[in-house]
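K.L.:
Protein sequences, first through last, are from chains F and L. 264 is the number that my numbering gives to position 264 of the first sequence; each next residue is one higher, with no gaps. One rule links them: number in my numbering = place in the second sequence (from 1) + 1000.
Please note: incorrect hints may appear among the correct ones.
Stated by the list, open to error - No more than 25 Å apart at the CA atoms, straight line, and that leaves these computed lysine to any residue pairs for SDA-like: (1) Lys49/F x Asp273/F; (2) Lys80/F x Ile22/F; (3) Lys68/F x Ala81/F; (4) Lys158/F x Ala1083/L; (5) Lys158/F x Trp1078/L; (6) Lys158/F x Leu1084/L; (7) Lys80/F x Phe66/F; (8) Lys80/F x Thr1067/L; (9) Lys158/F x Leu1273/L; (10) Lys68/F x Glu54/F; (11) Lys49/F x Arg278/F; (12) Lys68/F x Val13/F; (13) Lys49/F x Gly1156/L; (14) Lys68/F x Ile1135/L; (15) Lys158/F x Tyr168/F; (16) Lys80/F x Arg278/F; (17) Lys80/F x Phe63/F; (18) Lys80/F x Ala1153/L; (19) Lys68/F x Arg83/F; (20) Lys158/F x Ile1262/L; (21) Lys68/F x Phe1154/L; (22) Lys80/F x Gly1156/L; (23) Lys80/F x Arg51/F; (24) Lys158/F x Thr1067/L; (25) Lys158/F x His1260/L; (26) Lys158/F x Phe1155/L; (27) Lys80/F x Leu21/F; (28) Lys158/F x Gly1072/L; (29) Lys68/F x Val120/F; (30) Lys158/F x Trp1266/L; (31) Lys49/F x Ala1153/L; (32) Lys68/F x Leu16/F; (33) Lys80/F x Phe17/F; (34) Lys80/F x Arg47/F; (35) Lys49/F x Ala60/F; (36) Lys49/F x Phe1154/L; (37) Lys158/F x Glu1263/L; (38) Lys49/F x Phe63/F; (39) Lys158/F x Arg1069/L.
Just so you know, these hints were derived from the structure itself, not from any lab.
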Amino acid sequence: MRGYLVRRLLLAVLTLFGISLIVAGVMRTLPGDVVDVLAAEAFYDDREKERLREELGLEAPFFEYFGKWLADAVQGDFGKALRTQRSVGSDLVNRIDVTIELAFLGILIATLISVPLGIVAALQRSRWPDYTARSIAVFALAIPGFWLATLAIVFGAKWFRWSPPLGYQPIWEAPLTNLQQMWLPALLFGLILAGVQTRILRTALLDVLRQDYMLTARAKGLSRVMLLRRHALRNSLIPFITVIGVQFPVVLGGSVVFELIFALPGIGIYLLDGIANRDYIVVQAVNVWIAAAVILTNLIVDVSYGFLDPRIRVSS
Amino acid sequence: MASSTHASASVAESPALSARRAGAVLVRVVRRYPFPCLVTLVLVLIGAGSGLADFIAPYDPNAINPTDRLQGPNSTYWMGTDALGRDVFTRVLYGGRASLGVSVTSVALGVVVATAIGLVSGALSGWFDVLVQRIVDMLMAFPGLIIVISLTAFFGTSVSLLVVVIAIALLGGGIRISRAAAIQVSSQPYIEAARTIGATTPRIIVRHILPNALPPIMVIATAYLGVAILIEASVSFLGYGIQPPAASWGFMLGAEARIHMIEQPWLSVWPGLAIFLTVFSFNIIGDALRDAFDPRLRGSS
Chain F
1 MRGYLVRRLL LAVLTLFGIS LIVAGVMRTL PGDVVDVLAA EAFYDDREKE RLREELGLEA
61 PFFEYFGKWL ADAVQGDFGK ALRTQRSVGS DLVNRIDVTI ELAFLGILIA TLISVPLGIV
121 AALQRSRWPD YTARSIAVFA LAIPGFWLAT LAIVFGAKWF RWSPPLGYQP IWEAPLTNLQ
181 QMWLPALLFG LILAGVQTRI LRTALLDVLR QDYMLTARAK GLSRVMLLRR HALRNSLIPF
241 ITVIGVQFPV VLGGSVVFEL IFALPGIGIY LLDGIANRDY IVVQAVNVWI AAAVILTNLI
301 VDVSYGFLDP RIRVSS
Chain L
1001 MASSTHASAS VAESPALSAR RAGAVLVRVV RRYPFPCLVT LVLVLIGAGS GLADFIAPYD
1061 PNAINPTDRL QGPNSTYWMG TDALGRDVFT RVLYGGRASL GVSVTSVALG VVVATAIGLV
1121 SGALSGWFDV LVQRIVDMLM AFPGLIIVIS LTAFFGTSVS LLVVVIAIAL LGGGIRISRA
1181 AAIQVSSQPY IEAARTIGAT TPRIIVRHIL PNALPPIMVI ATAYLGVAIL IEASVSFLGY
1241 GIQPPAASWG FMLGAEARIH MIEQPWLSVW PGLAIFLTVF SFNIIGDALR DAFDPRLRGS
1301 S
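The following block holds chain F by itself, in its conformation from the complex (with noise of 0.2 Å):
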């Protein structure tokens, strides 16, 4: 296990290394002389542009600027944004608390729809309960999340006289307005999230449901209950905890979309805004970042692996 750990945590340092090294290179292939058109694009004059020059680092030799950049990254400094002067890192910080909670209701929301989705369909196999579960699932998968957070905002001020509340506050300061402000994305994110999940449990359950030890299991008189609850479902934790960490880019993703139809000051806006800004070092930082949540979700899910089945955890 401690090995096995080691070797995982390694190869995600690598991976993350690799992918600052591709980030600043294609920042650095960018066609034309970047700062010409920067320049052009958002009116600077010709200090900013030198001062431009020096920060993006077009001046020194590609692997002196990537190690300086790589240094103070280490240290969580991103640099400054260019339109707004401000620190990356802090920013990034400031913001990250309304991804993260976005996320974690919409999977959340998304669990408690398809945990008794999955287990009915799959225990009813192949008959209406478990038709009308995939439908849900195959119509959830279908629908694209900024359609219906539109259809929402649109049909629910037309009906209701609703708009979402402006004005962001944090879930700390104001835990009320917050949530007043977050469930309804989170409501929508967790429907369309729950797609992919219902069916992943389903086959999970259904596989686990063909085993020997579940014949077992049931020759040996335990009730429904206890198959389900100590056999079945517990085996099909694996398979639904990879594809939440599988989910987790879709999530990012889709993130940035809620956060910006109903007006959530995340890490999605602000790379949208670094993007209508031009602004190479936020987003450069923010695709490093994005790039690292992955990452470390998906060596959570990994190390998780260990504690849930015994059986990884001794052969690794």
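Knowing the structure of chain F, use the given hints to seat chain L on it.
P.N.:
For chain L alone, coordinates are given in the frame of chain F:
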């Protein structure tokens, strides 16, 4: 005598017979898989409507008609009109052409490249495989939408760039699936047999592994068509995809259109419905294909 009559009869009948046989097969397929067939029909209609938009669309997609702006569905404008008085039905058709064009091309590009890399990586193993796996890890760490908006925003918003960038977003998963398929096929006895009689590695990959690894790749390609439509729509929705005045489903739901949606809610319905129906159909066909290729999985998800 009898046999020659029979032979000549069968020769004479053969076109009609084969047509009838094809018809019988079709009936059997439709009976056995009614829903996937219905969904295929929906997709064919969406594809034909989009592909033939030039001939079918009742209006010019960019014809502005301020007196008829923001109408609901009616007999003149089947899906109503937008804020500039453009016909929404016409724009949904042209939007479909853009969306389907971009997604089909990017999936074709992404899946072909991913298959080539994945098969070689799975078949060769060794340092190349390790390298590919590390690159896949990196690709998979970026959410598709985020790669696409970050790159299009800086490299420009051309359609060909959009295609390449969406293909890149699909690459990681595609490589992973085709590599797994290649590894599975490589352990089969017939691959060992081919190796024993002296077939070269490139020949084994192209002639033996590729055809046998194709089913899972086809399934993932179909599923990716839905994913690509969703990515393209989201990117266009954010304003970094297909650029106005060209119609696209995503942009029709975007910030500019949203201002008018309270006044004319139908504007929010049609493009989204088009995206939903298309993605839904691709997903159902993907599921049906998977069941057909691998009967053990039938009804498993």
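K.L.:
Determine for every hint whether it applies to the structure shown.
P.N.:
Results for each hint:
1. Lys49/F x Asp273/F: holds (20 Å)
2. Lys80/F x Ile22/F: Holds. Lysine 80/F to isoleucine 22/F sits at ~20 Å (cutoff 25 Å).
3. Lys68/F x Ala81/F: holds (17 Å)
4. Lys158/F x Ala1083/L: holds (18 Å)
5. Lys158/F x Trp1078/L: With Cα atoms ~22 Å apart, lysine 158/F and tryptophan 1078/L stay inside 25 Å; holds.
6. Lys158/F x Leu1084/L: holds (21 Å)
7. Lys80/F x Phe66/F: holds (16 Å)
8. Lys80/F x Thr1067/L: violated (49 Å)
9. Lys158/F x Leu1273/L: holds (19 Å)
10. Lys68/F x Glu54/F: holds (12 Å)
11. Lys49/F x Arg278/F: With Cα atoms ~13 Å apart, lysine 49/F and arginine 278/F stay inside 25 Å; holds.
12. Lys68/F x Val13/F: Answer holds: lysine 68/F to valine 13/F is near 18 Å, not above 25 Å.
13. Lys49/F x Gly1156/L: Roughly 21 Å between the alpha carbons, so the hint for lysine 49/F and glycine 1156/L holds.
14. Lys68/F x Ile1135/L: Satisfied, since the Cα-Cα distance of roughly 24 Å is no more than 25 Å.
15. Lys158/F x Tyr168/F: holds (23 Å)
16. Lys80/F x Arg278/F: Since the Cα atoms of lysine 80/F and arginine 278/F sit roughly 14 Å apart, the hinted pair holds (cutoff 25 Å).
17. Lys80/F x Phe63/F: Since the Cα atoms of lysine 80/F and phenylalanine 63/F sit roughly 20 Å apart, the hinted pair holds (cutoff 25 Å).
18. Lys80/F x Ala1153/L: holds (20 Å)
19. Lys68/F x Arg83/F: holds (21 Å)
20. Lys158/F x Ile1262/L: Given that 25 Å is the threshold and the Cα spacing comes to 6 Å, the pair holds.
21. Lys68/F x Phe1154/L: Roughly 23 Å between the alpha carbons, so the hint for lysine 68/F and phenylalanine 1154/L holds.
22. Lys80/F x Gly1156/L: At roughly 24 Å apart (the allowed maximum being 25 Å), glycine 1156/L and lysine 80/F satisfy the hint.
23. Lys80/F x Arg51/F: OK: lysine 80/F and arginine 51/F at ~11 Å, within 25 Å.
24. Lys158/F x Thr1067/L: Within the cut-off at roughly 24 Å; holds.
25. Lys158/F x His1260/L: Holds - the C-alpha atoms of histidine 1260/L and lysine 158/F are around 12 Å apart, at most 25 Å.
26. Lys158/F x Phe1155/L: Not OK: lysine 158/F and phenylalanine 1155/L at ~39 Å, beyond 25 Å, violated.
27. Lys80/F x Leu21/F: holds (19 Å)
28. Lys158/F x Gly1072/L: Status holds; Cα separation ~15 Å.
29. Lys68/F x Val120/F: Violated, because 55 Å separates the two Cα atoms, which is more than 25 Å.
30. Lys158/F x Trp1266/L: holds (12 Å)
31. Lys49/F x Ala1153/L: holds (20 Å)
32. Lys68/F x Leu16/F: holds (16 Å)
33. Lys80/F x Phe17/F: With Cα atoms ~21 Å apart, lysine 80/F and phenylalanine 17/F stay inside 25 Å; holds.
34. Lys80/F x Arg47/F: Distance of about 16 Å is within 25 Å: holds.
35. Lys49/F x Ala60/F: Distance ~16 Å between lysine 49/F and alanine 60/F Cα, so the pair holds.
36. Lys49/F x Phe1154/L: holds (18 Å)
37. Lys158/F x Glu1263/L: holds (8 Å)
38. Lys49/F x Phe63/F: holds (22 Å)
39. Lys158/F x Arg1069/L: holds (19 Å)
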